[in-house]
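Asker: For reference, the chains in residue letters:
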Amino acid sequence: MSAYRFLVNGSPAQVDVPGMRRLLDVLREELGLTGTKEGCGEGECGACSVLLDGQVVDACLVPVCQVEGRIVRTVEGLSLAARERGDLDTLQEAFLDHGAAQCGICTPGMLMAARAYLDAGGGPDDGAIREAIAGNLCRCTGYTKIVDAIAAVATPLD
Amino acid sequence: MPAEPSIDTPRHLFEAYERLAAGPTRPIAGGTDVMVAITGELGPIPKRMLDLSRIEELRGISLEDGSLVLGARTTYTEIRRSALCREHLPALVEAAATIGAAQIQNRGTLGGNIANASPAGDTLPILLAADAVILVGGQRGEREVPADDFFISYRKTALAPDELILHVRFPLPRGRELRFRKVGTRRAQAISKVVMALAWEDFGSTGWTNVRVALGSVAATPIRAHATEAVLDGAHPTPEVADRAAETLAGELQPIDDVRSTADYRRMVSARILHRLLRDAGGW
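Listed in order, the protein sequences are those of chains A and B. Residue numbering for the first sequence follows the working numbering, starting at 2 and increasing by one per position. Residue numbering for the second sequence follows the working numbering, starting at 151 and increasing by one per position.
In short, the hints are calculated from the structure, not lab data. For every residue, glycine included, the Cβ atom is placed at its ideal position computed from N, Cα and C. Any given hint could be a false lead.
According to the in silico footprint, chain A covers these stretches of chain B (three or more CB under 8 Å from chain A) [said to hold, decoys possible]:
(1) 153-167
(2) 183-194
(3) 199-208
(4) 251-260
(5) 335-345
Simulated restraints on C-beta separations [said to hold, decoys possible]:
(6) A83(A) to Y304(B): 43 to 53 Å
(7) R236(B) to E69(A): 26 to 36 Å
(8) D430(B) to A129(A): 20 to 30 Å
(9) R161(B) to E30(A): 23 to 33 Å
(10) M2(A) to H162(B): 20 to 30 Å
(11) R198(B) to T35(A): 24 to 34 Å
Just need the whole structure built from these sequences, with the hints factored in.
Answerer: Here is the structure:
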């Protein structure tokens, strides 16, 4: 057991756990951040996607020792400013407006993959959006509404 | 919850070497293979692990004496974004873009792909076709291993238990062309059914020289197709040569049926990929 410290959604976190504990388990079991879902547990489905230093990663494949000193964002911290106001992130609003969430298990991971894409300057191009969420499986929507929601946020307002 | 072996996170290479020399230790970099193996209980759980994520000596992309040198911890995302890789080794950039999706490309490393030594490892045929050289090191010193000698048998490599992969050197001979093609179930998140790299040098009237035909997912290791290379050496990529090379390749390969594909399909699609690459090269 060791103490690992890092930032989660802007706040310092410290956990005393084995270094090989998965970031996914630390978020859900130690920190109570259950927005991040476990789907396959082997990096295929993207349900556990979070941002690590701004890059989208599968939290099931990251041992917590590699998170020491780094910055984690989960769906709970998608937009810290919006959360302060009690609002949803623009991406979450767009998912609601476009019917991009059905059963919901893929939604947190989709939102994080989409956020990484947008934060990196991604635009409304259909192919680029599909590539950005290619690591996130959805068994309900057929993806079209998810792509539409991301494209809506990526489209500059006139 | 998955097993949680003890793990050390050294800052420097010499500390990593000390730990490796002390007894059986499983290195982990991006974790895209190791974490899956532990969670899925694929094989014995390592007793001790070694986290490479803080060792800066294993990073970096540079040009050195006419070679492109990539640190073992170079991620697929870093390869895709690297101006040096795009200019000097675009086939590797293409391969990196076909691996997993953003989540895997952000974490998975070139050194990890090599050490994991899956017969389906997407970058490995490029290493073979490009005559890459792998630098490994440990307390006993450093040594260079040609990619051709690295993959010994199914998931067994020339890497000793007390050694780490340090970097990969890709020579950049003038006039060499290198092509890559992967066939999987879908474009992302797919383990390949067939993966191929084709390299040649072309100095005009004498025909192609130093031809390399390298494949993954068609044998127990990534392999070169020597008989097919012999057909192409000294030849030009005409329709007749392409037919003969494709036929030779189909006869030369001995793939197997498994969950991802069948032997027949792999043999046929390998021949078709090669034919297509030769057609593109010949401009017909």
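Asker: Mind taking a look at whether chain A covers the stretch 199-208 of chain B? Criterion is 3 or more residues with CB to CB distance under 8 Å.
Answerer: Coverage by chain A holds for the stretch 199-208 of chain B (3 residues, Cβ < 8 Å).
Asker: That 43 to 53 Å hint for A83(A) and Y304(B) (C-beta), does it hold up?
Answerer: At 51 Å between Cβs, range holds.
Asker: Can the suggested window of 20 to 30 Å be confirmed for the beta-carbon pair M2(A) and H162(B)?
Answerer: For M2(A) and H162(B) the Cβ distance comes to about 24 Å; the hint holds.
Asker: So the hint says 24 to 34 Å: do the beta-carbon atoms of R198(B) and T35(A) match that?
Answerer: holds, 32 Å
Asker: So is the stretch 153-167 of chain B in contact with chain A by the C-beta rule, three or more residues under 8 Å, or is the coverage claim wrong?
Answerer: holds (count 6)
Asker: State whether the coverage of the stretch 183-194 of chain B by chain A holds or is violated, taking the criterion as 3 or more residues with Cβ-Cβ distances under 8 Å.
Answerer: Held - the stretch 183-194 of chain B has 5 residues with a Cβ nearer than 8 Å to chain A, which meets the minimum of three.
Asker: Would you say the C-beta atoms of R236(B) and E69(A) sit inside 26 to 36 Å of each other?
Answerer: holds, 33 Å
Asker: Confirm or reject the coverage of the stretch 335-345 of chain B by chain A under the rule of 3 or more residues with a beta carbon closer than 8 Å to the chain's beta carbons.
Answerer: holds (count 3)
Asker: So the hint says 20 to 30 Å: do the beta-carbon atoms of D430(B) and A129(A) match that?
Answerer: holds, 25 Å
Asker: Tell me if chain A covers the stretch 251-260 of chain B under the three-residue, 8 Å CB rule, please?
Answerer: n = 6 at 8 Å, threshold three: holds.
Asker: That 23 to 33 Å hint for R161(B) and E30(A) (C-beta), does it hold up?
Answerer: holds, 29 Å
Of the numbered hints stated above, none is contradicted by the structure.
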